[in-house]
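**Q** So the chains spell out like this:
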Amino acid sequence: ACSTKDPGTGDSEDAEKGSGNGTIKIGLSISTLNNPFFVTLRDGAEKAANEKGFELVTSDAQDDPSTQLSDIEDLLQQDIDALLVNPVDSEAIVSAVELANNADIPVITVDRSSEGGEVAAHIASDNVEGGKMVGEFIAEQLGEEGKVVELEGIPGASATRERGQGFHEIVDDMDGIEIVANQTANFDRTEGLSVMENIIQSTDQIDAVFAHNDEMALGALEALEAKGVSDVIVVGFDATDDAVEAVEGGRMDATIAQKPELIGESAIETAEKVVKGEKVEEFIPVELELITK
Amino acid sequence: MKNYIKNNLSIIGPLVGLIIFSIILGFMSNNFLTLNNILNLFRQVSVNALIAFGMTFVILTAGIDLSVGSTLALGSALTAGLLTSGMDPLLAVLIGLLIGLALGAINGLIIAKGKVAPFIATLATMTIYRGVTLVYTDGKPITGLSDSFTFEMIGGGYVFGIPFPVILMFIAFIILYFVLRKTVFGRQVYAIGGNEEAAKLSGIKADRVKIWVYSLTGMLSVLAGIIISSRLNSAQPTAGTTYELDAIAAVVIGGTSLAGGKGKIVGTLIGALIIGVIDNGLNLLNVSSFYQQIVKGGIILLAVLLDRSSDK
Amino acid sequence: MKNYIKNNLSIIGPLVGLIIFSIILGFMSNNFLTLNNILNLFRQVSVNALIAFGMTFVILTAGIDLSVGSTLALGSALTAGLLTSGMDPLLAVLIGLLIGLALGAINGLIIAKGKVAPFIATLATMTIYRGVTLVYTDGKPITGLSDSFTFEMIGGGYVFGIPFPVILMFIAFIILYFVLRKTVFGRQVYAIGGNEEAAKLSGIKADRVKIWVYSLTGMLSVLAGIIISSRLNSAQPTAGTTYELDAIAAVVIGGTSLAGGKGKIVGTLIGALIIGVIDNGLNLLNVSSFYQQIVKGGIILLAVLLDRSSDK
Amino acid sequence: MAITSIIEMDNISKSFSGNQVLKGVNFDVRKGEIHALMGENGAGKSTLVKVLTGIHSRDNGIIKVKGKEAHFTNPKQAEKQGIIVIHQELNIIPHLTVAQNMFLGKEITYGKSGILNTKKINELTKKSLHELGVGNIKPDDLAGELSVGKQQMVEIARALATNAEVIIMDEPTAALTDREIESLFKVIQSLKQQGVSFVYISHRMEEIFEICDRITILRDGQYIGTENIADTSFEKVVKMMVGRELGDRFPAKNNPIGDVIFQVENLSSKGVFHNISFVVKEGEILGVAGLMGAGRTEVMETIFGYRKKESGTVKLKGKVLNTSHPGNLIDAGIGFITEDRKGKGLVLHSTIRENISLTNFKTISNGGVIVNSKEKMLVDDLIEQLHVKTTGREQVVQSLSGGNQQKVVISKWLGINPRVLILDEPTRGVDIGAKKEIYTIMNELTKNGVAIIMISSELPEVLGVSDRIMVMHEGKISAFLNRNEATQEKIMTAATGGN
Ligand SMILES: Nc1ncnc2c1ncn2[C@@H]1O[C@H](COP(=O)(O)OP(=O)(O)OP(=O)(O)O)[C@@H](O)[C@H]1O
Ligand SMILES: Nc1ncnc2c1ncn2[C@@H]1O[C@H](COP(=O)(O)OP(=O)(O)OP(=O)(O)O)[C@@H](O)[C@H]1O
Ligand SMILES: O[C@@H]1[C@H](O)[C@H](O)CO[C@H]1O
Ligand SMILES: [Mg+2]
Ligand SMILES: [Mg+2]
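Order-wise, the sequence lines are chains H, U, C and Y.
Quick note: the first sequence uses the numbering used here, first residue 121, plus one each step.
Quick note: the second sequence uses the numbering used here, first residue 11, plus one each step.
Quick note: the third sequence uses the numbering used here, first residue 11, plus one each step.
Quick note: the fourth sequence uses the numbering used here, first residue 40, plus one each step.
Read the hints as simulated data drawn from the structure, not as lab findings.
Ideal Cβ positions, reconstructed from N, Cα and C, are used throughout, including at glycine.
Among the hints, erroneous ones may be present.
Stated by the list, open to error - Over 12 Å on every C-beta distance to chain C, these chain H residues come out as not near it, computed from the model:
#, residue
1, T143
2, E317
3, E389
4, V395
Stated by the list, open to error - Partner residues aside, some chain Y positions facing chain U, computed with beta carbon under 7 Å:
#, residue
5, I132
6, H134
7, Q527
With the sequences and hints as input, model every part of the structure.
**A** The following block contains the structure:
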């Protein structure tokens, strides 16, 4: 009587549904919409779906992997033709991907990958790569010599880990670059401000700041400007509208553009192909771009 | 008979609410009232329900436990550590549950012996346990826990087609229902919440009872955490964040008074189901997540308001 | 004299705690006890302090307000909307404060007239207000608020070298201190928390007082939100998340009883400073963020435990 | 030598933060006796009991139980030695049923399993309640929904149901009416025959002389003496308690009675009381008698705007009052002293000053701001006028003795200079001296034309104080009696529904 197989799956009637009547129904599970980055990603997907006349069902996991699993369970109840997943966590998403596999619904991962299960395609830019790009940019600007502050994202979040990892892969090997403070500001602009204020108090010299996202970078920028400091290199991540404007205005030095809108669009396009049985690439990279003035 | 109805009045409100919501959702979405979705719903509810069962005991003593989510995270991270070290899964899970018991006991001790208000005591341990989890996991999920059938069963298994977490939830429910209704311990829980001084004068060792109550909640939180880890085959350092809110909401929607001394665990089960139905239903109806928050808050309010008016 | 000491006993514990923490940090970090850092610290504290002042009133009536963070976000998002539409900054800010008052009044009405437990009422509005904020902002920050001197002053200005938010905080403190200590309204707040039935039988309109108390808290939360918006020149949809916890912690560390009826707003100011000192100090010492949580939770616990033992 | 004492307390002293409350008190209890413990409010009676049972630690002195020295640190230990207390404060858990309360802390289980034998618990509860003559209280009634009097009966039943050797009753009858008291006394007498001893604390003199064998008197924490009831007199006991002659218990009242000032017409509240109509005249005291649960408290709370009425009007000087909120009635000059001192009368952890001020903001404030000097003056005047025994206006009310707490409640209402004052059981738990003071205050007020409505369950008091008596039975008025025609018998007949 005991098993670890979902007894509800396998009855093949599901497979008939949806595809017959012309409209394609796509499920999209987003890690969190409490972050402009993902809002833009969703907007991109929505726009593309509207243009094509697809039905798009979106859910928001609020950064909780187990909520995401429930979300996907709920999506799978709704006769979708394809599942787009933006995992909260790449490991934890595996069982949800397997659920979709069992239900014969194709899965496409977005922004973050899945460590297991069958995935038709993965569309993303690479956070580790982005971290490296920042490391290289800062090293170059400083001539491999200077004191750097790192504002970390939410402790334990994958973006925090991966961006930090890429960044450290570059700067840790350089003797001239010293990380004088690394503190979390939880991807939040207000905390970026107050944590930076405090760091300024305790650090005699700061040459550069790497914030794991633009929100924190903009907060840190306010703290520096309020102190009348303007020669510090500030680099963020995401290329949000605010940040790009700050870079263009010369207040910020750089940000990494992940092109979330493009990720969203291309996710829908890929889903269409998969549903129609066309072949797609396993990894569809969306290039990162270093935005500077 | 009159007393029987009166005694159970407090859960009639929530029950009627649950039924009404379910019927409405059944009309609005074809997928809602399918067997598949109902099993799915119950499985989703089981995690919150287990935590909320413990929270019911805590709230009955006029306490509160904000640390459940952090306890869940720490307990399942440590269990995951044991699993990856190759320990027998069953043993690891048992040790994990004991860890939950101990984390809860720490809460209980601070509250009972340290005379710290439960809200503030568990606010502090919420922060501390989360910090310890992050230190232990170095902020990274622990993965590749176990390939054993036993461990996978906990979160992902089925018995006669019923998801295993649902079975765990019902076993816990029956035991705890019995404890509250039929044992001296249950009586003491109610008495402490009703009038702690009077309870003490009657010779009840209030401190001891409280420590047990928080320990129970800690253990149930870790059980919930292990279910999640088993389903995700990984333990997340940020697991359980804000779970305390859903658990408390379930208890209160179920008619248990935050002032203590009054309430029922059946109510909590219904409360957890109402929250589950809201979450699941709004997803099925494809309500945008921003509006979902508005609707969910509104429904919680409605449920409680309806309940209040049935008091009269 | 003896009475004077006795009356103020409740804040001596927190005060001594604050001084001890400050001295320790002064030894550990050269930058802590500089004028610059102290002004910086006070500015950071001002946001939490303003919210916590309102929370003190709420808790004195034996209530609680979990919605402060969402109120802050919604109020400042709406204010930001007015500003970007080109409204006069002062007028926009005033309207924003009134919006805060109204959001608080909704809490008060649900609690007083709907007879819903404050915890659950404000848990619901916390979710609802956050949802409305997300809908209104579409989940994105509102930026480019105003270039006017007036608006920039609020968060970023100085008067005689003192940050303007600090001045706002002290003005609010003095007014509210006076209200609590010297006015009929203040007495009514204490009486309701001490024994609501006795207060009602003494002719106090408890419902009305409660509605005002939550309205005040709503308004102060939005004021705090506007300070943040002014500093960042943007309003964040996620602003204020979990601020309720710091505010409640400040109130309780400051010696106000969660059971209501007993406490002082001076205590709250000290409580907010303690929390600010912890956050600032741990940053200055560059303690890793994982350990920060452990230390912060530990210190909150310590502060409350010390306070309890000075009760005896 | 033949006389054996079960409890001997020798030279007991106790102080609370410097305030010495017991000063070398001696007390002993013999097998099968009923020993009264008397003294004014704050004399230290309850404290002595709490020292005996380990709730408070003693500073000094020796306690022997059955000849052996005892050092209890919690009441459970005393209970194991057969000593059980019914405390002055009710110790009912409101949301538990009567049966659950009866067996709290001594639940009957199946063996040592911890599993409750609910059936047996309910049966035994039913039996005990029956024996006490309160079979109308059902084991599965929620305790919190019973009237104070019934709750007290539950507590008494609970103590009697244990196989105690010594039962200490701290003002058990304060909330009871004569009928319940009568059945209580029967049970006490029959237990006494079986060798059970009682310590009986009460401010009702009649009771002491009716059932007690010996009496010990405390004054200001000092041991004054122990007497055989048979060898002493009412006057002597009073003198030992108060330290002087007290004179008449009820001061003479012979002020002129004026016109009707207060009218209640056809007031009803569904299921609680029906068509209540009465008037009170200036300078008149209207006594309200009735059995416990007759609905007297509800009527008054409704008049005062604390409960919603169904229909009916309340008039002051012919003008209809808005009874939607107590504030309106206070503004009109009506005061209400509740029977539930702790639950509804006082903010226990606040000071005397803060409590008195609650009803007097009009007098002590100016534009919403409290004027300290006015507040202090008002409070100090009232403390003095009512002889509240206190260290000062800043004393926290909780630490006052019961009688003095009651005086604080009265003070807060005298402050408003009421034209009509409703007093619900105003002398409950109040000592004989203070009672007389309260009667005197009432008389003073009537001299100034104040109309008084006084609910009381003590018939001698109703008879001794009232100009006119209204009797209620099951939510209806069953009789009006004039002072000179009223007797205990007539009141009881009307209160029980006879003619
Ligand atoms: N916990 C306490 N802390 C401080 N003072 C106390 C405490 N308990 C009692 N007292 C004081 O001790 C004195 C004796 O109080 P106690 O309650 O024993 O009087 P009592 O004789 O029982 O009076 P009553 O007839 O009014 O019940 C009073 O002055 C009271 O204020
Ligand atoms: N909270 C309550 N819930 C339900 N019934 C109640 C409640 N309070 C009182 N009652 C019932 O209302 C009736 C009237 O009670 P009330 O206390 O007014 O009587 P009373 O004449 O003042 O007697 P007492 O001398 O006991 O105060 C009683 O039957 C009582 O049991
Ligand atoms: O890429 C996104 C954004 O940068 C966000 O700021 C944090 O989560 C990441 O995954
Ligand atoms: Mg006493
Ligand atoms: Mg009464």
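**Q** Is the interface hint for Q527(Y) satisfied, with its Cβ closer than 7 Å to some Cβ of chain U?
**A** violated (35 Å)
**Q** Are H134(Y) and chain U close enough, Cβ to Cβ, to be under 7 Å, as the hint says?
**A** At 4 Å from the nearest chain U Cβ, H134(Y) passes the 7 Å test, so the hint holds.
**Q** So is T143(H) really clear of chain C, every C-beta pair being over 12 Å apart?
**A** holds (26 Å)
**Q** E317(H) clear of chain C by more than 12 Å, beta carbon to beta carbon?
**A** Nearest chain C Cβ is 5 Å from E317(H), so the label is violated.
**Q** Given I132(Y) as an interface hint, is the shortest Cβ-Cβ distance to chain U below 7 Å?
**A** holds (4 Å)
**Q** For E389(H), which was marked as not at the interface, is the minimum beta-carbon distance to chain C over 12 Å?
**A** holds (24 Å)
**Q** Is it the case that V395(H) keeps its Cβ farther than 12 Å from each residue Cβ in chain C?
**A** holds (28 Å)
When the structure is compared with the earlier hints, violations turn up for hints 2, 7 and for no others.
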